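Asker: Listed below are the residues making up each chain.
6 protein chains.
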Amino acid sequence: MDKPIFDKSIGEWQAEREALNEKVFDLAGLEIKRFFSLDTQTYRAGALDAKTKELLGLVASLVLRCDDCILYHTIRVKEEGVNRDEFQEALGVGLIVGGSIVIPHLRRAAARWAELEEKEVSR
Amino acid sequence: MDKPIFDKSIGEWQAEREALNEKVFDLAGLEIKRFFSLDTQTYRAGALDAKTKELLGLVASLVLRCDDCILYHTIRVKEEGVNRDEFQEALGVGLIVGGSIVIPHLRRAAARWAELEEKEVSR
Amino acid sequence: MDKPIFDKSIGEWQAEREALNEKVFDLAGLEIKRFFSLDTQTYRAGALDAKTKELLGLVASLVLRCDDCILYHTIRVKEEGVNRDEFQEALGVGLIVGGSIVIPHLRRAAARWAELEEKEVSR
Amino acid sequence: MDKPIFDKSIGEWQAEREALNEKVFDLAGLEIKRFFSLDTQTYRAGALDAKTKELLGLVASLVLRCDDCILYHTIRVKEEGVNRDEFQEALGVGLIVGGSIVIPHLRRAAARWAELEEKEVSR
Amino acid sequence: MDKPIFDKSIGEWQAEREALNEKVFDLAGLEIKRFFSLDTQTYRAGALDAKTKELLGLVASLVLRCDDCILYHTIRVKEEGVNRDEFQEALGVGLIVGGSIVIPHLRRAAARWAELEEKEVSR
Amino acid sequence: MDKPIFDKSIGEWQAEREALNEKVFDLAGLEIKRFFSLDTQTYRAGALDAKTKELLGLVASLVLRCDDCILYHTIRVKEEGVNRDEFQEALGVGLIVGGSIVIPHLRRAAARWAELEEKEVSR
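Residue numbers (the numbering used here), protein chains in the order written: chain A, 93 to 215; chain B, 93 to 215; chain C, 93 to 215; chain D, 93 to 215; chain E, 93 to 215; chain F, 93 to 215.
Wrong hints could be hidden among the right ones.
Identical chains share a label here; the pair holds if one copy fits it or two copies do between them.
[Stated by the list, open to error] Below, computed lysine-lysine pairings styled on BS3-like, alpha-carbon distance capped at 25 angstroms:
#1 211 x 170
#2 115 x 125
#3 100 x 125
#4 115 x 211
Hints were generated in silico from the structure; no laboratory data involved. Bear in mind the structure is a predicted one, so any value in this text is a computation, not a measurement.
Taking the hints into account, I'd like the entire structure generated from these sequences.
Answerer: Have a look at this one:
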């Protein structure tokens, strides 16, 4: 296969996400802004550490089948020190709960994980 | 970010939608054709005006996370005279009901709304 | 059919909802409490009036198939002055968007609406 | 376990469904009525026989996790001559596609199937 | 409110679940049996401990809005030593991801957690 | 419309799917591998023939709105000898169950079916 799997690298995806967030903040009233702020707050370490909370966000995103959300939490769990075995076991829980319909998202998550590992090596 | 956010302009998206509808009508039997006709009929003004019905379609599409449906109703609510504040409040209801999983769709809706406003200005 | 359709009247359902909300507030930390507060705030009249926002909440609840949420918004739209024709047209939008899978919820919404109308008459 | 699994027998469920359909038709405008009529029409034998169409309805209902819809199609597939092995294989497809989240509905479908078989024997 | 919130205690719910599982195993072919076995296997401690995996199952069940699944994992996380603060933070992640549509399930989860705590005290 | 509807031909899509499956198998532990194996096994002919099982998979994929899954089963039902009328009737069941929210996926399924028919003619 000569074509790349994704039409955007992780870096390009992050830049686009920033640009789109600006469009949201141009438009949003107080309620939407508070929702975004509460969203950030929810993943801060508390009784559960940030790593566990990001894994919860990852699996919730996988069973709800949202690629953008899965990629966001894949990046975040890697930053929080989740290793390859922990990552694939979390995906495994999402797969059994959500069924084969999540497989296309699982495939893309696996490819993005590989992309993240390659970035680390090449630094 | 040099790349455009969307790979299709609204005009290109509408042309593709027409082309795909032709594929459906080439294939469809009576039941699918009746469904399409009933779908159109449901949004006609009645006890509720067309503007309200299109807002209902927009929020239903947002919580069910269907980008094509969201864009279709975004165009329609603008045609029915929904203004920027009304639009973002409707999105706000969809966001609180549907949760952070709808955010990627909310981002694209906000960007498409900006695209529609720019088209108006440039006419 | 001698058995009543619902095992709880609307009044009993409201009392149970209050009792359950107390269980949530016994348990909840700051984030969950803020979510509940933001949820209330989102339906306040703004650029869109409360009636329209409650109709948006109703249709979102119907397509997501949540009976408790549908009943809550059915009560609220009635309080906001939505009439029978407006109510059934809003349900009609939810039905065409969400498909036959929403019919069991539509049935219960229709029965609850009749229950609300009877309460008004018997006052 | 002394309590019965279901609070309604299949006969009582069918009577309630009829009573609720009357509530819908008391309320419904033209669009909702047309949807119900189109729904019936879609399952009539055509290029695919009624048995296959009801199996499609059953599996769609299982993956979307709607107990009322599952019970309706369970009754219908039995009427169309689907046998025990065919029934459980269809559920098996729904289970692998939809994941463990469908298991509570699969359990109730299995219990309802047993109830239908017992009714046949006791005739 | 004099009526109990739930029509079944946790013990009665567990007994019913067992009875229903027997109905499934009476009916099931090899594929369904293998699915159930794989489901059990997926939650065994590996790179992630059982506590974390059960929390993942809990949040996945909450955002997919399955009461039976939520109760099952609520019991399991308590058995694995999750405390009240950890439990409510996990629910908080599910609430922000899944939105207000999960609130009815969150309410019942909070009430079941209270029921589990009372059982411990009364032992 | 000069742009092609799909950015990948069916052949390119299949090659990408293979490449992504390799990424999954590089990462996967025993549970994910067993899930993939069970998924394949579930569609083998048994009491129901492979054609019927693939139609069940197609409609389940349509109502759950997964384009990759729909395309996979569209290819498979064609291989199993499903004809144009049978295909569109199966889609019709998915449309009535799943509602207008499935229409964008129905459009793409119709276009992919046409692509498969053209490939046959041009052989």
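Asker: Run every hint past the structure and note whether it holds.
Answerer: Evaluation of the provided hints:
1. 211 x 170: within (12 angstroms within a copy, 39 angstroms between copies)
2. 115 x 125: within (12 angstroms within a copy, 28 angstroms between copies)
3. 100 x 125: neither (27 angstroms within a copy, 28 angstroms between copies)
4. 115 x 211: For residue 115 and residue 211, the Cα distance is within 25 angstroms only across copies (16 angstroms; inside one copy 29 angstroms).
The structure shown violates just one earlier hint, number 3.
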